[in-house]
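Asker: What follows is the residue order along each chain.
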Amino acid sequence: MTTAATGAGYDPQIDHQLMILVARGNLKAMSEIYEHRHRSLFRFFFRLTGRQGASEDLVHEVFLRMIRYRHTYEGASGFEAWMYRIARNALTDSAKRHRLESPADEGQMEQVASGRPTQLESMMKEQELALLHKAMRALPEDKRELLVLSRFQGLSYEEIGRIVGCETGTVKVRVFRAVKAMGQIFCQLRAGQLHEEKTW
Amino acid sequence: MVNCDQAKEYMAVSWRESRNDGALTEHLAGCAECFAEHSTLGVIWARLGDIPVPEPSLAMNRRFQSALTALSSEAAPAVEQHWRWADLWPRNPVWQTGIAAACLVLGLAAGANWPHQDKEIAVLRDEVASTRELVALSLLRQESATGRLQGVEYSGRMKTMEPEVVNALVQAIERDSSVNVRLAAIDALGRVSRSEGVVRALTGSLGNQESPMVQVALIDYFADAHDRAAAGAIRQLSQRADVNPAVVERSRVALRELSQ
Ligand SMILES: [Zn+2]
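Heads up: the sequence lines are chains G and P, in that order. Numbering of the first sequence is given in the working numbering, commencing with residue 1 and proceeding in unit increments. Numbering of the second sequence is given in the working numbering, commencing with residue 1 and proceeding in unit increments.
Honestly, the hints are just simulated from the structure, not real lab data. Being a predicted model, the structure only gives us computed values, none of them experimental. Glycine included, C-beta positions come from ideal geometry on N, C-alpha and C. Treat the hints with caution; some may be incorrect.
[Claimed, not checked] Only some residues are given here: those of chain P computed to face chain G with a beta carbon under 10 Å:
hint, residue
1, Leu48
2, Asp50
3, Pro52
4, Leu68
[Stated by the list, open to error] Distance windows between CB atoms, simulated:
hint, chain 1, residue 1, chain 2, residue 2, range
5, P, Val2, G, Thr72, 35 to 45 Å
6, G, His71, P, Thr146, 18 to 28 Å
7, G, Glu141, P, Cys31, 30 to 40 Å
8, G, Asp142, P, Pro54, 22 to 32 Å
9, P, Thr160, G, Asp11, 15 to 25 Å
10, P, Glu164, G, Thr170, 42 to 52 Å
11, P, Pro54, G, Arg65, 19 to 29 Å
12, G, Glu141, P, Val2, 29 to 39 Å
13, P, Ala241, G, Ser156, 51 to 61 Å
14, G, Glu141, P, Met213, 48 to 58 Å
15, G, Asp142, P, Asp224, 52 to 62 Å
16, G, Ser156, P, Val179, 26 to 36 Å
Looking at chain P on its own, in the form it has when it is part of the complex (with noise of 0.2 Å):
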């Protein structure tokens, strides 16, 4: 049977977790004062989630990417430089003036040409885009088999997935070590792309499978990409000796599907 000290600390537990713990439901039946203070403050807690916060802004968004984007520049590897940009800043305090004055009034026209924006926005929308590439690319190059599953889940949830991320995908079916790694690429390429050319490039992958599992995994593909090109090379697996039962008896619904 729990104290009352301990059952303050179930009852932090239960609204977290809108449920009860037995300990503490023995304990509320118990003593009053701990009923009371649990359901009281169990309301305050529940209202807390009603105080209305406001959204970011997206010039916050703005903000962060332009910093992004310098601080990217800056930590790219050095190509070799014979000038610096501080180098063109004149000695002459005078100069120095007209040019702080000039690029202010540049900054305020600038700032005045809303329309800018959008163009912005688009170019900020592309750089995303290549930018989760780039992602997807960098995890699926992981050497943990943990890492390069992460890479295949992030990438199968791309609306459009770059050609770039399809080749990285069909290479880790035909090659990763994992056969976990291998299953999640068959399923994120299914959700994606089922075209000609990763279809052919899947099929000269059938007959190098070790694993049952991905055997059937792509015949299934295969089956549902509806692509006969790759009946050939279901019907030479399922012909081999050393077959899985379960891979024979796939590869005949596969073979009867594609035929229809």
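One chain only, chain G, in its complex shape (with noise of 0.2 Å):
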């Protein structure tokens, strides 16, 4: 289930078996792991921060941790669960640093969006994407968080309490609140625009 989450049908075994190597002091495994896990680890900072520089400093972070800290590894509750959990603590820290906890601007959505065609239809379903963008920019953190694992990363919700240190129970329940939530936002944003369109 888990191979979701690397895109290229990495086994995590794998990724497992070449964290021991590294802990070990073969270093240059860690480069291996780096092409399984690079673009996913990228993904989940660009979907909790909105931004491509802040993400890639980030991606950088973690691998130098996972090497820093490479003797605690036991891999007892998985490897993914081990790397999320540095992955968490570099956001925090540098949500500390650099206070990413305000909304991030929403110009880099808008970069990504554009290059499609200008149809009306299309147009139409770019409006809906940024609003979707605009709701996700807006849930708390910690709903948009269990979202981006739960939705995008290919991690069990088993796994997902591992990460975040709760019962699987409680994860399914916190992913429907934060399901709910995201389209309680979504719907408020979309109504303000309508009234926006209405009264021009």
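Can you join these two chains into the complex? Each is in its own frame, and there are hints to help.
Answerer: Structure, rendered in structure tokens:
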């Protein structure tokens, strides 16, 4: 199930074995883990921060921390849980330093979305996407994180429970609440937009 | 019958797995509120996938690779050092400023020299290839059979296999304690290498194999390689009194194929 996270069909067990090699001092094995994981980690951070540069810095930081803390790797709860725990800590530390909690600018989202055909239909679709993106940014941080972990990182609810430190059942309830909050914000934003269009 | 609170947990699972559990379907049939929530929020869940995400830049990869190279040399067993780089740094502040300025100019010049990037990337690619080889070899030397099995699987994914990796796989076929590792290694080699040297090495190992499954896999490998040099070893094996009838049968087919 977790293979979706890497996007390349890699067995997470391989990264576990590679990390054991790194822990024993074979740092070159980290280059392989990087190959398998850097994209999905980048997407994780981008979805949470909405910023390309900051996300790239965070990916770099996570891999450096994995090297620095390699001696602590035991792999009892799996490589993914360990990596995401490091990723969350890196994000928290970076947020403390740069006050990332404040809503990110939406310029990057528009950059990504542009370059598509500009027919009316796709324009409307883009508008909807921009609203979704806005709603995502407006979501409280803990809810956004849970949504990203469950919707995009290909992790099971059990694995997410190990990452955030709670029971699987609690994870499911919290994911439900996050989706519900997302839906409410999205509807509010859309109602606001319709109102703007009418008055215009 | 699940209640509304439990139904919410089931919903979180159903969006992920795109299918409803029987208990949830039953609840939704009798609860209009949950039914509405499940379907509207399901749409939100699905639409989330449409939010685009850019690709990370190549600069990020370069930055990490150079950090890793620096750290690797740091972590490498220290050669006896009689002097340190820091000793070269002058004590005189005028000289310190001068060197810093020179470094800045050199750095700018190197940055402007863009075509160098291609070379850099090529070197990086070579490094990654040799890293793969190193990783494959390390995995193949794991203590646990599961670890070695992953090493074999990992090696089998290589488009081209370095001779060291081929050797390690041949050795695994000859003497790994796990039948599964031997079988996987034959499979991996079959996909990449049927060179004469490999066939010869494996021909030698056929007579020493105890497992009928490994024997059959090797016979298939020889038949696919179409190397007649293996015929003698196959015939010898099939004439042994203790050999499995399935192996005898497979040998007969392979020998016929090889004689054609
Ligand atoms: Zn209900």
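Asker: Compare the structure with each hint and give your call.
Answerer: How the hints compare with the structure:
At its closest, the beta carbon of Leu48 (chain P) sits 5 Å from a beta carbon of chain G; the interface hint therefore holds under the 10 Å criterion. Using the Cβ-Cβ criterion of 10 Å, the hint placing Asp50 (chain P) at the interface with chain G is satisfied: the shortest such distance is roughly 6 Å. With a cut of 10 Å, the hint placing Pro52 (chain P) at the interface with chain G holds, because the nearest CB-to-CB distance is about 4 Å. For Leu68 (chain P), the suggested interface contact is upheld, since its CB lies about 6 Å from the closest CB of chain G, less than 10 Å.
Roughly 41 Å separates the CB atoms of Val2 (chain P) and Thr72 (chain G), a value that falls within the hinted 35 to 45 Å. Taking 18 to 28 Å as the suggested C-beta distance range, the pair His71 (chain G) and Thr146 (chain P) conforms, at roughly 23 Å. In this structure the hint that Glu141 (chain G) and Cys31 (chain P) lie 30 to 40 Å apart at CB holds, the actual value being about 32 Å. The hinted range of 22 to 32 Å is satisfied by Asp142 (chain G) and Pro54 (chain P), whose Cβ atoms lie roughly 25 Å apart.
About 22 Å separates the C-beta atoms of Thr160 (chain P) and Asp11 (chain G), a value consistent with the hinted range of 15 to 25 Å. Look at Glu164 (chain P) against Thr170 (chain G): about 49 Å separates their beta carbons, and that is inside 42 to 52 Å. At roughly 24 Å, the beta carbons of Pro54 (chain P) and Arg65 (chain G) sit within the given window of 19 to 29 Å. The hint said 29 to 39 Å for the Cβ distance between Glu141 (chain G) and Val2 (chain P), and at roughly 31 Å that hint holds.
Judged by the Cβ atoms, the range 51 to 61 Å given for Ala241 (chain P) and Ser156 (chain G) holds: they are separated by roughly 52 Å. Evaluation of the 48 to 58 Å hint for Glu141 (chain G) and Met213 (chain P) yields a pass: the beta carbon distance comes to about 54 Å. The hinted window of 52 to 62 Å between Asp142 (chain G) and Asp224 (chain P) holds, with their beta carbons roughly 56 Å apart. For Ser156 (chain G) and Val179 (chain P), the Cβ-Cβ distance of about 31 Å falls inside the hinted range of 26 to 36 Å, so the restraint holds.
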